[in-house]
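Colleague: The primary structure of each chain is shown beneath.
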Amino acid sequence: KAGVTQTPRYLIKTRGQQVTLSCSPISGHRSVSWYQQTPGQGLQFLFEYFSETQRNKGNFPGRFSGRQFSNSRSEMNVSTLELGDSALYLCASTKDGGPGDEQFFGPGTRLTVL
Amino acid sequence: KNQVEQSPQSLIILEGKNCTLQCNYTVSPFSNLRWYKQDTGRGPVSLTIMTFSENTKSNGRYTATLDADTKQSSLHITASQLSDSASYICVVRSGGYQKVTFGTGTKLQVIP
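The listed protein sequences derive, respectively, from chains G and W. So in my numbering, spot 74 of the first sequence is number 74, and the numbers just go up one at a time. To convert a position in the second sequence, counted from 1, into my numbering, add 114.
Treat the hints with caution; some may be incorrect.
Said to hold, decoys possible - EDC-like, lysine to aspartate or glutamate: derived pairs with alpha carbons at most 16 Å apart:
| # | chain 1 | residue 1 | chain 2 | residue 2 |
| --- | --- | --- | --- | --- |
| 1 | W | Lys213 | G | Asp96 |
| 2 | G | Lys13 | G | Asp85 |
| 3 | W | Lys213 | G | Asp101 |
| 4 | W | Lys213 | G | Glu102 |
| 5 | W | Lys115 | W | Asp181 |
Calculated from the structure, these hints are not laboratory results.
Let the sequences and hints guide you as you build the complete structure.
Modeller: This is the structure in structure tokens:
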């Protein structure tokens with residue numbers, strides 16, 4: 001069974017640009033969540049998608065957005081990049097996102113904003 | 115405000131030694147607590163999940179404990195190996211979908 005995949009693995013952008021990250025969940029998983037991980041803040045929840053709908057959202061500005069497709073693949077977009085957006089972006093998939101479901105994380109996309 | 119605090123921030127131990135990592139939380143209501151291991155450059159991997167009624171759970175050389183009264187959990191690693199070098203993250207779920215709070219992790223380094 002293939003794990004969660006994320007593309008690209010590494011990305012370098014400059015301030016003001018926008019970026020789109022992609023996540024393919026484990027087959028059969030319908031919930032995809034996105035997280036930002038930085039050394040000082042740890043893992044911060046961005047949003048969760050379930051059946052193409054955003055079900056939950058963290059406390060990030062509107063520059064961070066996402067979507068989910070009918071095959072459960074998800075994309076995350078960050079517009080008008082800032083230096084502080086440099087981080088490891090992780091996505092995780094679960095079957096339904098319920099409390100007992102285990103989250104399976106992808107390897108992450110390392111974003112560097114110059 | 116829901117919070118999860120982990121200690122120590124970092125730890126260096128000799129191969130073969132045991133160690134214990136701590137997690138204190140103020141999350142309410144409590145649903146479950148997971149310990150994750152995150153190798154450098156990789157996503158976190160679940161080690162164990164603890165629910166309210168469970169006190170101890172083992173996964174190989176990893177043993178997690180939970181004291182729901184004091185809202186504390188620990189992860190004990192026995193006979194450490196070099197491959198145990200990683201960050202260990204405590205995550206508490208407060209019920210419902212994606213109501214999760216992450217600790218900032220403990221970075222463990224096992225040296226020969």
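Colleague: Is it true that the CA of Lys213/W sits at most 16 Å from the CA of Glu102/G?
Modeller: 14 Å, holds
Colleague: Within 16 Å, alpha carbon to alpha carbon, are Lys213/W and Asp96/G?
Modeller: 14 Å, holds
Colleague: Keeping to a limit of 16 Å between CA atoms, is the pair of Lys115/W and Asp181/W held or broken?
Modeller: Distance ~20 Å between Lys115/W and Asp181/W Cα, so the pair is violated.
Colleague: Taking only the CA atoms, is the gap from Lys13/G to Asp85/G under or equal to 16 Å?
Modeller: Measuring from Cα to Cα gives roughly 10 Å; hence the hint holds.
Colleague: Lys213/W and Asp101/G were given as a pair; does the straight-line alpha-carbon distance stay at or below 16 Å?
Modeller: Since the Cα atoms of Lys213/W and Asp101/G sit roughly 12 Å apart, the hinted pair holds (cutoff 16 Å).
In the structure shown, a violation is registered for the earlier hint numbered 5 alone.
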